[in-house]
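Start from the sequences and build out the full structure, keeping to the hints where you can.
Line by line, the protein sequences give chains A and B.
Heads up: the first sequence is residues 15 to 124, going by this note's numbering.
Heads up: the second sequence is residues 2 to 115, going by this note's numbering.
Calculated directly from the structure, the hints in this document are not laboratory data.
What you are looking at is a predicted structure, and each value in this text was computed from that prediction instead of being measured.
One or more hints might be untrue.
Just so you have them, the derived chain B footprint on chain A, three or more residues with Cβ under 8 Å [claimed, not checked]:
(1) 50-62
(2) 111-123
Just a sample of chain A residues kept apart from chain B, beta carbon distances all over 10 Å, derived [claimed, not checked]:
(3) Ser37
(4) Ala74
(5) Leu94
(6) Thr97
(7) Asn105
Glycine is no exception: its CB is placed at the ideal position from the N, C-alpha and C atoms.
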Amino acid sequence: LAKTTQPISMDSYEGQEVNITCSHNNIATNDYITWYQQFPSQGPRFIIQGYKTKVTNEVASLFIPADRKSSTLSLPRVSLSDTAVYYCLANNNAGNMLTFGGGTRLMVKP
Amino acid sequence: KAGVTQTPRYLIKTRGQQVTLSCSPISGHRSVSWYQQTPGQGLQFLFEYFSETQRNKGNFPGRFSGRQFSNSRSEMNVSTLELGDSALYLCASSPGTENTGELFFGEGSRLTVL
Chain A
15 LAKTTQPISM DSYEGQEVNI TCSHNNIATN DYITWYQQFP SQGPRFIIQG
65 YKTKVTNEVA SLFIPADRKS STLSLPRVSL SDTAVYYCLA NNNAGNMLTF
115 GGGTRLMVKP
Chain B
2 KAGVTQTPRY LIKTRGQQVT LSCSPISGHR SVSWYQQTPG QGLQFLFEYF
52 SETQRNKGNF PGRFSGRQFS NSRSEMNVST LELGDSALYL CASSPGTENT
102 GELFFGEGSR LTVL
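Below you can see the structure in the form of structure tokens.
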């Protein structure tokens, strides 16, 4: 499974757009990029997944350039409740053994 | 529909004891996987069960074991507990027939080993 690298922490303010970039230089052809969100003392929650270009759902957008060596999770107009740890994963969907990195701790301030 | 349910939510054990944790997946989901989360090692994959068979296994010692029942409910067991086993144990379920990378996690069982 490809190793991912993302910033340890980020700060933002309510109403701003937050972009978290993840690096996955050795991503395999059959790997997908998946993002999870985790609040303290809760299990991670699936946010979004993509393979290439752009994917958008009701909570986030995921941008993946053509070389797929990085990806960016975009959270529009964050609120205090978006304060959480965000994990970027590169998984090949061959099984449910996901490899989580250290994640990015996002702090949204009023 | 109901989410993934894990019991117990909190428990305290002493070194050398054993512990059994339970997980009820989302109705209709046949895959159950277990993860250990600690401040030092982060989230680590333990094992996955599908249709009562272990399908994948992480890099944990044999003291960690699991099983899945015909109704897809799963249990994991840790024997001869060590202080380092203190962690949040998370269970996740998915339909299992197509592994999309989207797992549904429970709230976890927080184990403290004294």
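If any of the earlier hints don't hold here, list their numbers in rising order. 7
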